[in-house]
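Student: This is what each chain is made of:
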Amino acid sequence: MSDTYAGQTDELLINMGPQHPSTHGVLRVLLRLDGEIVLDADPDIGYLHSSLEKIGEAKTWQQFVPYTDRFDYLSAINNEFAFVRAVEKLLGVRVTERCEYIRVIMAELQRIASHLMYFTSMGLDTGAVTVYLHCFRDRERLIDLFEDATGQRLLYHYLRIGGVRNDLPHDFVARVRDFIDYFPARLQEYDNLLTRNRVFRGRMEGIATISREEAVRHGMSGPCLRACGVDHDLRKIIGYSVYPQFEFEVPVYDTCDAMARHLVRCDEMVQSLRILKQATDKLPDGETNVKVPRVIKPEPGAVYERIEGPRGEVGCYLISDGSDKPLRMRWRPPSYFNLQPLPQLMRGGYVADTVVAIASLDIMLGDIDK
Amino acid sequence: MDLIKSLKSLTEEPLRRAARERKDSPLAVRFISIVDKVVNTGKACSVWPVQFGLACCAIEMIATAAARYDLDRFGIIMRPSPRQSDCMIVAGTVTAKMAPVLERLYHQMPEPKWVIALGNCAVSGGRFYQDAYSVVKGVDRIIPVDIYIPGCPPRPESLLDGLLKLHDKIRGESIADDPVREGIRPGMSGYEPAGE
Amino acid sequence: MSDDAIPTDLAERFADGITTAADGAWEIAVSAEQLRETLAFLGADRQPAFDYLVDIFAVDYGEQFEVVYHLSRPRTHEMVRVCSRLSRQKPSVQTVTDIWAGASWPEREMMEMYGVAVEGHPDPRNLLLPEGWKGYPLRKDYEYPDDHPWLSRDELHDKPGEYLKQHPVEE
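Chains as they are written, first to last, in the numbering used here: chain X, 1 to 370; chain R, 1 to 196; chain H, 1 to 171.
Only chain X is shown next, with the shape it has when bound in the complex (with noise of 0.2 angstroms):
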């Protein structure tokens, strides 16, 4: 009997999701194994596809920023600075610089809360399930500071057409200093749960590679593209809002890892806070908001703004035909790009290693769905 089945192995078909314990959302993952070693994996999205494209040609101008939110809800700030960005090209209004100082604040805070997400999420799905509830203490931290200024916990809907919708509490630069000097101690914490545990590195390093051209040819940008040796930041290369006033250095690994991914965010949290301590040191006075008009109706025209999200390039494409609602709302998301090559990452590695995969893209299926 044992002659007749030597050297004979069946493929098995595997469906994993779209309901699985990761917090990465409605993703569906068709794998082809062979024993425990991945042949082929075919994500499966969709799940969470909510027609905000069409949405985005229904509603006003004014009405669609807080949809914008929820694409990628972890980042909703970053979001909502690509398309309110994009609607003030369109109308050629240019807003004050302390906006613009608030907006980079709240950007950089937003981005330390969603790789503080990364972090839980990381840890979750690599088994280091304690490193959830350290992530969420000071997540937690920064959920007050925004409620505090916006009045919401997670979608804020803070940035507006011109402006913001309220100027800061008088003691939120104080607090943000406060987090500033309390952080760095936090991230040595994390530093010793996950980056420098050796069962960690074990699962982490040499997973999940892809090469340089691969990643540039599907459009991955963010942490996926800096861990393939690329400097390629948006916040440095086309120096929009008020970065270019900032000094700041763009974390890059070479080794093209889930470990580079890994290192690139925890670096681009130091740094992040490098940008707030500037910018709260240098937070001018003055007026927050422009005035725009009630009813926005910009000249017929296009415009694509770019801005460097927490998970890569999010970008807005913005055609007016001279009414008050949008001819077309493009999105264009980081997620969405960064997970296509995922048959690549997983093919040749272990069953455990696709959620490692996963994980290290830190993707967000709001974002991919739309």
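What the hints contain is simulated information worked out from the structure, not anything from laboratory work. Note that beta-carbon positions come from the ideal geometry of N, C-alpha and C, so glycine has one too.
Listed below are several chain R residues computed to face chain X (Cβ distance under 8 angstroms; list not exhaustive):
no., residue
1, Gln51
2, Leu54
3, Ala63
4, Thr93
5, Thr95
6, Lys97
7, Leu105
8, Arg127
9, Pro153
Now the stretches of chain H that chain X is said to cover, found in silico as 3 or more residues with beta-carbon under 8 angstroms:
no., segment
10, 21-27
11, 50-56
With chain X's structure known, arrange chains R and H on it following the hints.
Tutor: Leaving out everything else, chains R and H in the frame of chain X:
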């Protein structure tokens, strides 16, 4: 299987029938209320939801389970599989592609089970009511819902309030109620009591 | 985006066809026949090539469709926008998945949302919509599926004023 069924028919059925028929007898009422209290406390103090976070409300659900608004103190442990859970917290937008999956997961949960619709999208479609061609307008079009928690996203305190209301609902159930048919429970619309 | 002048090789090749748009991108309008050739030049033949695919999507202008390709180079802020108008009756383009592997998903999305046929695509399934979805949702003349039991919008919620007129609330 047969042995279990026959054991059940020997013990459970007569008990329930007796409870229903002699509801007015003080001894029966006393007995039923004691049993109810014990059973319902057990059910309420260990509601194990299946992790069904779909969209933004999932982040608030996770935040509620974290250290500040701890869920574990209520006995609530998130389970990865529907087969090991007795509550489904639908947190997020349900789309036309996800709806059959949701229904299948609901049927995979064993009785007794409850459903909480968390967030505006699960309650009624929320901000997607008007123009979204692919969003289900409220998860109660697919499965019966016990608790509705509005908000976009609802605060963790709202979710805790909803869960405590679910506890109240569970404690209000009784073994003297009509037997549970899949998904439809006394007090819900669509409920028809078993024939006399 | 780039406020630099248009590079000489692009200016020579496209002459009047290339302009600098309001947001700084270099916009190239081509006909449907020249589209594939232009993209192959920009993405493969030209040195340095525009190998960073930013986005691919379509727009419904009413009488015509337009397909837009956003291309860039990493580490630079140069951006090229290639637009091509297609007829509404039988819109079709050729795939560019051999030039940019990341074009696979945006092209699938274009196929299911607008009905723009992409010839030669290796995997023409629906991406975001469930299998068997009728109609092309992002077209301007798409009819909302109001007869679907899950997706239908209640009269009460959709047009509350009219509903209340027909069913007045008794005091």
